[in-house]
Structures are given as C-alpha cells and as structure tokens.
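Which chain is which? The protein sequence lines are A and B, in order.
Take the position in the first sequence, starting the count at 1, then add 277; the result is the number in the working numbering.
Take the position in the second sequence, starting the count at 1, then add 791; the result is the number in the working numbering.
It is possible that part of the hints are untrue.
A few chain B positions that, by computed beta-carbon distances, are all more than 12 Å from chain A [said to hold, decoys possible]:
1. Met792
2. Leu828
3. Gly842
4. Met852
5. Ser907
6. Leu908
7. Ala925
8. Leu931
9. Leu936
10. Trp975
Listed next, the in silico BS3-like pairs over lysine-lysine satisfying Cα-Cα at most 25 Å (straight line) [unchecked claim]:
11. A:Lys556 / A:Lys520
12. A:Lys346 / A:Lys412
13. A:Lys680 / A:Lys346
14. B:Lys823 / A:Lys280
15. B:Lys823 / A:Lys282
16. B:Lys878 / A:Lys282
17. B:Lys874 / B:Lys823
Simulated from the structure, these hints should not be mistaken for lab results.
Where a beta carbon is used, it is the ideal one built from N, C-alpha and C, also for glycine.
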Amino acid sequence: MGKYKRLALLAFVLAAFTLALSKAASWQLGFDFRLPEPVVLDAEPAPAPVKRYRGRRAEPPQPRVVMGKLEAHLVSSRQHTSTHAASLVELKDGRLRAFWFSGSREGAADVTINSAIYDPTANTWWREQEVAGRKSTQRGLHRYIAKVGNPVAVRAANGELWLFYVAVSLGGWAGSSITLMTSNDEGESWSAPRRLVTSPFINISTLVKGAPFFYADGTMGLPVYHEFISKFSEILRLDHSGKVIDKQRLAAGGQGTLQPVVLVRSEKDALVLNRYSGKDADKRVVVMASEDGGRHWAAPHKNSMRNPDAALTALALEDGRLLAVLNDQDHGRESLSLQMSEDGGTSWHELHRLEEMNVLRDKEMSEGDCLGVTEMLLRSSDPLLRNADAEILAPYVESARPKVVGGGSCHFEFSYPYMIQTRNGDIHLAYTWNRTFIKHVRIDARWLKNRLAAKGGQ
Amino acid sequence: MLFTDWMGLSGLALVWLLFALRLPFAQGLDGKRRALLVGLGYVLVMFPIAGWSPAIWLRGMVGDLSITSMLLLSAAVYARLFKVLPKWDARERSALLGFLAVLALLLYPFALGLGSLDPYRSGYGGVALLLMLALLALWLMRRGLYLLPLVFALAATGWSFNLLESTNLWDYLIDAPLAIYALWVTIKVNLLYALRRKRVQPDAQ
Numbered sequence: 278m279g280k281y282k283r284l285a286l287l288a289f290v291l292a293a294f295t296l297a298l299s300k301a302a303s304w305q306l307g308f309d310f311r312l313p314e315p316v317v318l319d320a321e322p323a324p325a326p327v328k329r330y331r332g333r334r335a336e337p338p339q340p341r342v343v344m345g346k347l348e349a350h351l352v353s354s355r356q357h358t359s360t361h362a363a364s365l366v367e368l369k370d371g372r373l374r375a376f377w378f379s380g381s382r383e384g385a386a387d388v389t390i391n392s393a394i395y396d397p398t399a400n401t402w403w404r405e406q407e408v409a410g411r412k413s414t415q416r417g418l419h420r421y422i423a424k425v426g427n428p429v430a431v432r433a434a435n436g437e438l439w440l441f442y443v444a445v446s447l448g449g450w451a452g453s454s455i456t457l458m459t460s461n462d463e464g465e466s467w468s469a470p471r472r473l474v475t476s477p478f479i480n481i482s483t484l485v486k487g488a489p490f491f492y493a494d495g496t497m498g499l500p501v502y503h504e505f506i507s508k509f510s511e512i513l514r515l516d517h518s519g520k521v522i523d524k525q526r527l528a529a530g531g532q533g534t535l536q537p538v539v540l541v542r543s544e545k546d547a548l549v550l551n552r553y554s555g556k557d558a559d560k561r562v563v564v565m566a567s568e569d570g571g572r573h574w575a576a577p578h579k580n581s582m583r584n585p586d587a588a589l590t591a592l593a594l595e596d597g598r599l600l601a602v603l604n605d606q607d608h609g610r611e612s613l614s615l616q617m618s619e620d621g622g623t624s625w626h627e628l629h630r631l632e633e634m635n636v637l638r639d640k641e642m643s644e645g646d647c648l649g650v651t652e653m654l655l656r657s658s659d660p661l662l663r664n665a666d667a668e669i670l671a672p673y674v675e676s677a678r679p680k681v682v683g684g685g686s687c688h689f690e691f692s693y694p695y696m697i698q699t700r701n702g703d704i705h706l707a708y709t710w711n712r713t714f715i716k717h718v719r720i721d722a723r724w725l726k727n728r729l730a731a732k733g734g735q
Numbered sequence: 792m793l794f795t796d797w798m799g800l801s802g803l804a805l806v807w808l809l810f811a812l813r814l815p816f817a818q819g820l821d822g823k824r825r826a827l828l829v830g831l832g833y834v835l836v837m838f839p840i841a842g843w844s845p846a847i848w849l850r851g852m853v854g855d856l857s858i859t860s861m862l863l864l865s866a867a868v869y870a871r872l873f874k875v876l877p878k879w880d881a882r883e884r885s886a887l888l889g890f891l892a893v894l895a896l897l898l899y900p901f902a903l904g905l906g907s908l909d910p911y912r913s914g915y916g917g918v919a920l921l922l923m924l925a926l927l928a929l930w931l932m933r934r935g936l937y938l939l940p941l942v943f944a945l946a947a948t949g950w951s952f953n954l955l956e957s958t959n960l961w962d963y964l965i966d967a968p969l970a971i972y973a974l975w976v977t978i979k980v981n982l983l984y985a986l987r988r989k990r991v992q993p994d995a996q
C-alpha cells in the first residue's frame, strides 16, 4: 500500500473511532428504579341516609361491612382455538386492554396476536380483534416469519402503548426474537413492527413474558429470557425510542431461570422471581435481588415457593407487601394460587386459591364427567355463562373438550398468569384457561384490603 | 422500508449475487452481460412478490450480515464481476479471518450462556471495546496490516450512523455465518500447514 493510501487509511481510522467514541461517551446509563404511580383508591360508597319516621330510626343501624369483589370473566371470545400467554395494560380512561395469542395450535402459522378491551363500568369484555400475525409481521420486518407469540404490553414513558411479542423464523420458541409495535391511540392502530436485536447469534432466542418496569431516567427495563442451548434470564434496557441500550444477564446458563418477573420495591431495591426450568428435583422459584438500583444483581437462589416449571406473575404493593400468582404444586398446572409475602419475598402464604383441579390429577374419569366438571368451571368463569342455557354453554364446552378430555382422565391447565394493579388499586389478573380461553379475574381494592387484613401476619 | 432494512436485505442480496456469479454459465459471460446479471439479479432477489423474496427468506434464516461480511462479499462480487484479483494479499486475509475466528470463540460461547459474563453487553455503547479496537487498529497498521484496521473503522462508522438494525457494535464487526466461515478457513489452513510440515520434516532429516 502506498504512502498516501496509508495516510488516508490512518485518517479514516482516527476519524471513525473519534466519532464512535463521542457517541459512546453520550451513552450514559443511569441506574435506580422508578416507582409506579401511587394508587388512588376509589372513594368508599357514601353511607345511605338514615330514614327517619316520626323522629325514630326506621330500622336499627346496621354495621357497614364491605367485603369487596373478586369476579371472573372470559376475555377471549373465539371458540375452537388454542389461546395462551395473556398480558394486560391499563388504558388512559381506566379501561383495560388484554393481549394474547390464538390459533389452531401453539406455534401454528395461523396464530395471531389478539386484543380485547375490558370496560370496568359495564363490567364486560368487548369482542376480540386481531393485532398482528405471521404475515403482517413478515411484511413489516422484511424477513421470513414462521410464527408469533407471547405478547406483552406496556405504557411507555412518552404515553404510547408499546406491544412486545416474539417472532420465530426458524425452529421452535428457542429461535425467537422480540418484535416491538407502538400505538398512540390506545391500541386502536399500531405502527409497523420493528425487531429488537438482542443476541449476536443470528439474533435468536430472546423471549418476553414478564411486565416491563422503569428506571429513574425513564428508560424501560424489559425482563426477557434465553432458551437456545441454555436457559437464563436477562433484562433488556430500552431508550425512549425503543432502541436497545443495554442487556444484563441475571443468571448463568445452566441455572435454569426463565420468564423473570421484576418487582420494584424502592428506588434501590428490586426482586426478580423466575420460573425454574432446571434439572434439579427441588423445583422452586428462583430469586435474585438488587440493592443498588439494578446496577448489580445478587447470585440466584431458590425461595420457598413451589414451581412446576411454569410461568408466574407478581407485583409489589405500595405498602411493601408482595403478591404473586403461580401454580403452587410440584408438577402440572392444575391449580392457581394467589400468594402474599410480608417480609420482602422470604416467606409466602396463600391469600386465595383461584383454581383447584389438582385434586383430579391422574384420576380416572369418564368423558362425560370431565365435560361436567368443565361446564361447572365455565359457569364460574363468566357471569354471562353462570345461568346460561345448555345450548349457549355447549360450544364453550366443546371448545375445551380437546384440551381437557383424554386418556381416561381430565387434563386441566391454568397457566401463564399476568397481573397488574390499576391506578384505582384494583388487581387484574389474566391467565390461560385450559389453553382454550383467556380468563380475567378482577380483585377490587376492598376485597384485597380485607383479605390482606384477614390473612396478614399468618 | 427503513434504511436499515434496505442495508440488511442488500447484504443478503450480495450472497445470492456471488452465488449466481459462481455458476458455470455466468463465468462464460462477457463483462457487460455479467453486469446485467448482477443488476437484474439484485432486483430479483430484493423485490418482494406476495411478501416474499430470496433476500427476505435468507434474512429470516441467517439474520442481518455485519459490515465486515458486506465488505468481503462486495469485494468478492467485484472481483467476479470484473474478473480481477482481490485487492488484499493472503497475509491480510488470513490475519482478518484468524482474528474473526478468535473473536467468534471469545464471543459466542459466552453470549449463549457459558458463565455469568456476557461479552455481547460490551457492544452497547462500550467505550472500552471501542478503545481496544482503536489501539489494535493502530498497532496493526504499524505491523503493515491494513485490512483489519479498515474493517474496524468501517464497523465503527456503521455503528456511529446506525446503518444496521442492531445498536450493538459486535453486530457490525461479526455475524454468525462469517464466524463459521472464519473458523472453518482458519482451522483448514492451520491443519493443512501442520500436515505439510509433517510431510516435509522427514525429508529434511
């Protein structure tokens, strides 16, 4: 190479690295967590005016006992489909929007990401709509896409709704990468999908399941996990435009951590609960904690919660107590339990059993008996079905039949819970109901308060 | 289509074009016809029909290529198109592929979960990684090697201007197909060298 060419190359190298270093120098990562907005409880209903008749009370005064509400609905309305992996986000007007995936079977090419809105005033879910699918994702990403799944929605710092979901071009779920779409009209319409690049190996094997959280500088933490060759949990950090600006590994491969759920307890403290998908016989939730705003995470360890290699969900209440929903059993996903911790996640006890079909596990049952139990479960899962005629209920039961009936026993599954707390203090939970429907449980602030008071300190 | 999509697809179009230029019939064509083949081929592999094109399909399979791969592919297509030899000699080439092979061994096993440390993280705005590459580039130039410094500078420039979909500097330097190619060539060359030495040594005694 001639002298002038060498000089030109040297000038180019110096200019290129000066430019890159100036960009890197502005790449500041602040740590510390941002706490969720404070809950503003709905006003207690005003006591009814005491009726008086000729100066005397009409009735003796009654003690005002408000137990609150725990009520369930079916979110998804399509029948004879396989549904899974729901998430929830509160809209600006107090309604909820749910997302999940639905198709002929998990991983099929016809699977779409669907969404529906819950109106708490009318106490009902509106009809579901398709938000994204394999073809729309392929068109937007300009790359071949074989299947989609696992939608997770969040309100970004700029007020937009962001929807993350996984897209696979090759192989199983371990071949996933994360796709992001944004909406500035509360999910009525969405931007073209954009792919997050999170892994050097053909950008495969980053999946999303847990709810995002925020750092003090407004950047977003997205709990994700890796499945290809080894399994481990990670946190992605996204800037205000949704670009990946950092990635932290929470556990080494081989430690079997998946689907992390981040609980922000203060500006400095956070706890991560992970599904355990390792080989140990002792299957319990894996925990790691940070005490410096997310800069460092302590080595993972197992806590007291049982975990049959199944996703869980959790959130931190304002008073420091923690709530979690998980399959509290050693194997299978036939039950679902709402649990509470008052000591920062060290010990947990049950507040309420949301589903309990573990008693029927491996028991011989006829098809008719299975369908009878399914019908009973459906009636308790939605007020519209509670007293519905058999004709109305029949298609719902038939939808569940392929999942529930088989091999001389019943197979129930309540899985992939996703829980949020809305601004009025209500807790909303969505989960997969026998891979047939998405079920929503609304726990109002009064029910929670009474239950926490009754069960607290056990 | 975003610019980053066009970059990603164009990089993969180069793979198809190189494949086409290596076909026997293409080697018999004159210069004008080869240029026509490249032009038409680019349009054909890029232009989607019913949402599908060869570049779109390949992008799903292998992801976006790095700036390094694009440089090497462009040089190979150029050499085939104009029937000229590549600009850099064997020493430059083996230094580049050897470096990429070592980089692949340092990056991929750890990025895929070996241990708790993830080297890929250093590519997100990592000043240390950039400084290391800059110093290495200057040292290599003093040693009379220019291809690797050019690759580093192009990767750093590409990262500065967000030319690819990724925000991580590693993705501008190396990609999985290039890593596999670099490992294969490096192992093959070293094995052949070792075998040749073994054959030559008995005669020398």
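Right, here's what the structure says about each hint:
Remark: the non-interface label on methionine 792 of chain B conflicts with the geometry, its nearest Cβ contact in chain A lying 6 Å away (cut-off 12 Å). Every CB of chain A is more than 12 Å from the CB of leucine 828 of chain B (nearest about 24 Å), matching its label as outside the interface. Listed as outside the interface, glycine 842 of chain B is inconsistent with that label: its C-beta sits roughly 5 Å from the nearest C-beta of chain A, within the 12 Å cut-off. At roughly 6 Å, the least C-beta separation between methionine 852 of chain B and chain A is not larger than 12 Å, which violates its mark as non-interface.
Against chain A, the non-interface label of serine 907 of chain B is violated: not every CB pair exceeds 12 Å, the least being about 4 Å. The Cβ of leucine 908 of chain B does not lie farther than 12 Å from every Cβ of chain A; its closest approach is about 8 Å, which violates its non-interface assignment. Not every CB of chain A is more than 12 Å from the CB of alanine 925 of chain B (nearest about 4 Å), against its label as outside the interface. A beta-carbon of chain A is positioned within 12 Å of the beta-carbon of leucine 931 of chain B; the least distance is around 10 Å.
With a minimum CB-CB distance of about 10 Å to chain A, leucine 936 of chain B fails to clear the 12 Å threshold, and the non-interface call is violated. Separation of tryptophan 975 of chain B from chain A is adequate, the least Cβ-Cβ distance of about 16 Å exceeding the 12 Å criterion. Between the alpha carbons of lysine 556 of chain A and lysine 520 of chain A the distance comes to roughly 35 Å, so the proposed pair goes past 25 Å and is violated. Under the criterion of a C-alpha separation no larger than 25 Å, the hint pairing lysine 346 of chain A with lysine 412 of chain A is inconsistent with the structure, at around 41 Å.
A threshold of 25 Å between alpha carbons decides the hint, and for lysine 680 of chain A with lysine 346 of chain A the separation of about 30 Å lies outside it, so the pair is violated. Our distance criterion of 25 Å between C-alpha atoms is broken by lysine 823 of chain B and lysine 280 of chain A, whose separation comes to about 34 Å. With a C-alpha separation of about 30 Å, the suggested pairing of lysine 823 of chain B with lysine 282 of chain A is violated against the 25 Å cut-off. For the given pair, lysine 878 of chain B sits about 13 Å from lysine 282 of chain A by alpha-carbon distance, which is consistent with the 25 Å threshold.
Under the criterion of a C-alpha separation no larger than 25 Å, the hint pairing lysine 874 of chain B with lysine 823 of chain B is consistent with the structure, at around 12 Å.
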